[in-house]
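2 protein chains.
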Amino acid sequence: MKFTVQKQSTTSRARAGLIETAHGKIETPVFMPVGTLGSVKSVTPDELQQIGAQIILGNTYHLNLRPGCEVISRFEGLHRFMQWPMPILTDSGGFQVFSLAKLSRISEQGVEFQSHIDGSRHLLTPEKVVQIQHCLHSDIMMCLDQCIQHPASRADTEAARDITARWSARCKSAWGEVDDGSQALFGIVQGGMYADLRRRAVEDLAGIGFDGYALGGLSVGEPQELMLEIAESALPLLPGTAPKYIMGVGTPSDLVELVGRGADMFDCVLPTRNARNGQIFTRFGTLNLRNARYRQDTRPLEEQCSCYTCGKYARAYLRHLLISRELLAYRLLTIHNIHFFVDFARRMRSAVLTDTFDAFRNRFYLDYARADRQTCG
Amino acid sequence: MKFTVQKQSTTSRARAGLIETAHGKIETPVFMPVGTLGSVKSVTPDELQQIGAQIILGNTYHLNLRPGCEVISRFEGLHRFMQWPMPILTDSGGFQVFSLAKLSRISEQGVEFQSHIDGSRHLLTPEKVVQIQHCLHSDIMMCLDQCIQHPASRADTEAARDITARWSARCKSAWGEVDDGSQALFGIVQGGMYADLRRRAVEDLAGIGFDGYALGGLSVGEPQELMLEIAESALPLLPGTAPKYIMGVGTPSDLVELVGRGADMFDCVLPTRNARNGQIFTRFGTLNLRNARYRQDTRPLEEQCSCYTCGKYARAYLRHLLISRELLAYRLLTIHNIHFFVDFARRMRSAVLTDTFDAFRNRFYLDYARADRQTCG
Chain A
20 MKFTVQKQST
30 TSRARAGLIE
40 TAHGKIETPV
50 FMPVGTLGSV
60 KSVTPDELQQ
70 IGAQIILGNT
80 YHLNLRPGCE
90 VISRFEGLHR
100 FMQWPMPILT
110 DSGGFQVFSL
120 AKLSRISEQG
130 VEFQSHIDGS
140 RHLLTPEKVV
150 QIQHCLHSDI
160 MMCLDQCIQH
170 PASRADTEAA
180 RDITARWSAR
190 CKSAWGEVDD
200 GSQALFGIVQ
210 GGMYADLRRR
220 AVEDLAGIGF
230 DGYALGGLSV
240 GEPQELMLEI
250 AESALPLLPG
260 TAPKYIMGVG
270 TPSDLVELVG
280 RGADMFDCVL
290 PTRNARNGQI
300 FTRFGTLNLR
310 NARYRQDTRP
320 LEEQCSCYTC
330 GKYARAYLRH
340 LLISRELLAY
350 RLLTIHNIHF
360 FVDFARRMRS
370 AVLTDTFDAF
380 RNRFYLDYAR
390 ADRQTCG
Chain B
20 MKFTVQKQST
30 TSRARAGLIE
40 TAHGKIETPV
50 FMPVGTLGSV
60 KSVTPDELQQ
70 IGAQIILGNT
80 YHLNLRPGCE
90 VISRFEGLHR
100 FMQWPMPILT
110 DSGGFQVFSL
120 AKLSRISEQG
130 VEFQSHIDGS
140 RHLLTPEKVV
150 QIQHCLHSDI
160 MMCLDQCIQH
170 PASRADTEAA
180 RDITARWSAR
190 CKSAWGEVDD
200 GSQALFGIVQ
210 GGMYADLRRR
220 AVEDLAGIGF
230 DGYALGGLSV
240 GEPQELMLEI
250 AESALPLLPG
260 TAPKYIMGVG
270 TPSDLVELVG
280 RGADMFDCVL
290 PTRNARNGQI
300 FTRFGTLNLR
310 NARYRQDTRP
320 LEEQCSCYTC
330 GKYARAYLRH
340 LLISRELLAY
350 RLLTIHNIHF
360 FVDFARRMRS
370 AVLTDTFDAF
380 RNRFYLDYAR
390 ADRQTCG
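Line order of the protein sequences matches chains A and B. Count along the first sequence from 1, then add 19; that gives the number in my numbering. Count along the second sequence from 1, then add 19; that gives the number in my numbering.
Hints are not guaranteed to be accurate.
[Unchecked claim] Taking lysine-lysine and the PhoX-like style, the derived pairs with C-alpha atoms no more than 25 Å apart in a straight line are:
hint, chain 1, residue 1, chain 2, residue 2
1, A, Lys60, B, Lys331
2, B, Lys60, A, Lys60
3, A, Lys121, A, Lys147
Simulated from the structure, these hints should not be mistaken for laboratory data.
Generate coordinates for the entire structure from the input sequences, incorporating the hints supplied.
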């Protein structure tokens, strides 16, 4: 994997870059749609490409439990299994073990847990996590980390940070044994809401050396202000020659603030999950399509949006599908929301390239705040 | 509407025809996918056109309750509301009133019922049913009928048949008041499993005169043999110059038998509903994709199938999506199943045009029976 910084904003830490992987290039800042189980919920890879998605996520924890590596290896990895020919990043499953699995138990060796599907017992170790991701053949693998809840005591946070650092070193070694140049490995910075623990985590990971670095354990219930403070202190410490990825974040406002602080990559279930509940993201804020005011609305979800859904369908029809629980609703609304996030990252990149990022950020807030007064419910 | 018989089989009653409507031509025999609420569940109109669907169904009962005519009239009808530019047939809702609504009560005037959605009281009359379908602007409207359960006494069946005949005459009058040449009206033959009552129903309807004739009240729980016997006795009595439509039928075997008896049009939820449960139709019989034998199966659902799903995806992946309840599963399996039914009708038509319908029918049974021994579970 190769990363090039193409342009640095002169008024903020925002930057535009290019990641080159075995399955193609990724222009940053980039928003990565989440395809946990080998499918970005309700949409096809063809639709994702049409939307302009450059890279999607898969999840090691989920895909290892179902359908399992022996199935995916029949297809030589996730790309052909799910028919997505472009880059894939796989999360290590650390986050899911702690949020989904029953009775997860940590030891130096790894995490033992019971499957949320059938209660079967499993052990994820740093080595195993690399092996599974090698089998999935993702372009970007993530190290196993221990993500802790918020709030957490300093002692607990420090213990999680420490074990994440040791596991990261073991992931790097395991990666060295399978590395053929086609898969990159990213480290994950933990350290909760303690800036000094984050700093030590960055130092440890940079010492080991990774292709990219992620901030994990953010957007876990803390206020946006605190999230941004932690990101702001940690992001500049990360090697500037590698991509910086904020995991599981966030709202359009989170994204614009984090790009301004130097972040390059994002993933979040917000556009997909909220689409299925009828929350629509637009340049002029969000709208709740269930609202009765859209019952006879012949306009598209967002005027001037270039997505498939806005090119064809009216709010009244989409609302009817949603209220009637028609499956087509989920797809059409997901297409629009993913398009919004992917396009939002693309527009941030354009602004950085023309060194107008501050103006972009101001314009975004002005437009987004119009929601309440105008089209949105 | 114009109907032309293009070819008559010399060895059976099978025929190939052409229906011309305000929204385009329909080649018969034809299978019509069901889009009850203004959406063929999980697929877009673009996908339906790609599959080769020529006409789809909408439902008067459902669409009148939700979203209601005042919404759809904003779009000048169902075509633009749902973005389907080709022909639409709307069922009158008679069947739904009796199967879905609470406390439906019949009088000479019409059917009074409570909505299955919110319990609100409604009255459907022959005149109202025509008005609603005029608002939906379907290319083919259906008369209000009383569909009775099976088995039913002769007296009950006769009463239902009689009121259906009287309602049909009122529908024709109401249609005359709104007719501008863009919407056809079909009559529905009732009479349960009593051949002589069916015969009288045909005579009544032919006396009134419709653009096409449907057999209703079939496939309501009776054995296939009885269904075919009733169809065989009624179909030849219908005017040969009009399309003959069998409502809510059926399996591939039902279709091939009914085409052989002179039927031109079919609709059924079988391909769509069963897709969502993992039952896949193929030339070599059905397969249950949930079966563990498909877990590592790298083949498409059906070898040599030209549908989008078979062109891209393996059984192992589709099974994984289905087992994981991923929304994409329902769409991809629906596309295949609708393609199978639409293509099956198209192949029957080709066979009629080359006067090889009997050979087609024999070949179909030979292939379809191979299922159990070979690929199917």
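Here is how each hint holds up against the structure:
1. The straight-line distance between the Cα atoms of A/Lys60 and B/Lys331 is roughly 17 Å, inside the 25 Å bound, and the hint therefore holds.
2. Taking the CA atoms of B/Lys60 and A/Lys60, the gap is about 16 Å. The hint holds against a cut of 25 Å.
3. Restraint check for A/Lys121 and A/Lys147: the C-alpha separation of about 19 Å stays at or below 25 Å, so the hint holds.
Violated hints are absent here; each numbered hint is respected by the structure.
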